[in-house]
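Model the full structure from these sequences, guided by the hints.
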Amino acid sequence: MAMFSTTYILMFAATMVVLVLGVLMISFREIKKRSYYLLLTVSFGVTRILSIVYLYGFAGSAGTSDLTNIFGYQAEQVLGGGIPYLTFESHYSPYFPYLLSLPYALYSQPVSLLSVFVVFDLLTMIVAGLYVRETWNEEASFKFCWIYSFIPFTWLFITYWNQDEVVAAFFIVLSLRFVTRDKEMKAAATMAVGFLLTKFLIAVFFIPLFLMMKKPIRNGLAAIGLVLLGYLPFLIVGANILMPITAEVGYHAVGSNPWVLMEAFGVDFPMQLPHVVVLASLLVLACIYMLSDKLHNLRPEATIVLFSLVYMLMGKKSFSFYVPFFLVFLIIVFMRFCAKNQNRSLLVAGFLAYLVSFSFLYQSVIVFKSMQTLTVDWIISSMVYVVALTSQVLLIWLLVRESQHNSQFHYWRLDSFIKNLRSAETHEP
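Residue numbering for the sequence shown is 285 to 713, as defined by the working numbering.
It is worth saying that the hints were derived from the structure and are not from the lab. There's no promise every hint is true.
[What the hints assert, rightly or not] Cut-off 30 angstroms, straight-line C-alpha distance, at most; resulting in silico cross-link-like pairs (BS3-like, lysine-lysine):
{"#": "1", "residue 1": "LYS467", "residue 2": "LYS498"}
{"#": "2", "residue 1": "LYS499", "residue 2": "LYS578"}
{"#": "3", "residue 1": "LYS483", "residue 2": "LYS499"}
{"#": "4", "residue 1": "LYS467", "residue 2": "LYS578"}
{"#": "5", "residue 1": "LYS499", "residue 2": "LYS470"}
{"#": "6", "residue 1": "LYS483", "residue 2": "LYS470"}
{"#": "7", "residue 1": "LYS578", "residue 2": "LYS498"}
{"#": "8", "residue 1": "LYS624", "residue 2": "LYS578"}
{"#": "9", "residue 1": "LYS467", "residue 2": "LYS317"}
{"#": "10", "residue 1": "LYS467", "residue 2": "LYS499"}
{"#": "11", "residue 1": "LYS483", "residue 2": "LYS467"}
Below, the structure is given as structure tokens:
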């Protein structure tokens, strides 16, 4: 499958046109529920199901190497009695291959695995739509579902690029909905299941969710306990459960982060350094967040986007494919800004620059690796990085501006926690 074939460009452009026309022409306030759900079902089916039928049926696509050599291979190994981390290599969470094996057992072709991603894509849209309706209104929920259904960075990453991030996105969105409804133990259990079913990276996006809880320590310990319980069978048989972490450390940098340019210009640094830096950055942000009145005014979805942007800036792997981890929340933030009619042109520019730069960056890095002798390629790669960096910084700035509006949502605060401890000590008999 070519990186950016004519088919890909046409599919991308067509859905963007339909997305924009729908937002401009459909009266989401007046549309009847039955008509809307019918329209949305057809739209979702066309973008996901029919595109899969066309690409893998009529166009004869075999899928990406991820689909055939990674997902298909792992499903085959599990169905043959293999155990992740023991009898075959896996860089995913332990139960991810078992999830993939379900459709593969019915139809042993790699394309069947896409059904898992499409189902989770639908569930993500439904849960996120409910979240928008509960925290905003039904009209906004309708508009969100329309945007999510057509924005190319959701369905093309599944049908064309065969990426799995939407599975993790579902667990992040569902956990947030539980948190905002004061069902924190359910949120902790959901995060534990999500960690066991997807990839270790999902833990980064759970950090802000725990900070939003009233009892983050208790719920964090509960989630860790469930994760350890899930790993117990693999520990008993002697599987190397740290395999995904050791593999991650050994990867070369890719994406819109400083490590890509440092490697390109021949700057040597320890392979562990980027991971230390990104963890330190997230820890510092978490501390600032717990102590800051300003950041505590961020709405829940904006908080997740803020932490996600910091990770994408500093992480050694900031694939364009990682955008679906937090794309739901990026769309909601975008919609809220536009609803206020403040800095609309600036936000639209930042939003589009952010998404487009990541998709273009994925290709430019590959070109960069194969054309290092050409000066123009160094210039192009540097320019792409600057665009991605600028758009991310722009969105972070917009989020800070957004924090001026009270979210009216309870957050756990470090200073309040310390004050309560001191108060308890003072009142002891």
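Identify every previously stated hint that the structure contradicts and give their numbers, smallest first.
Violated: none.
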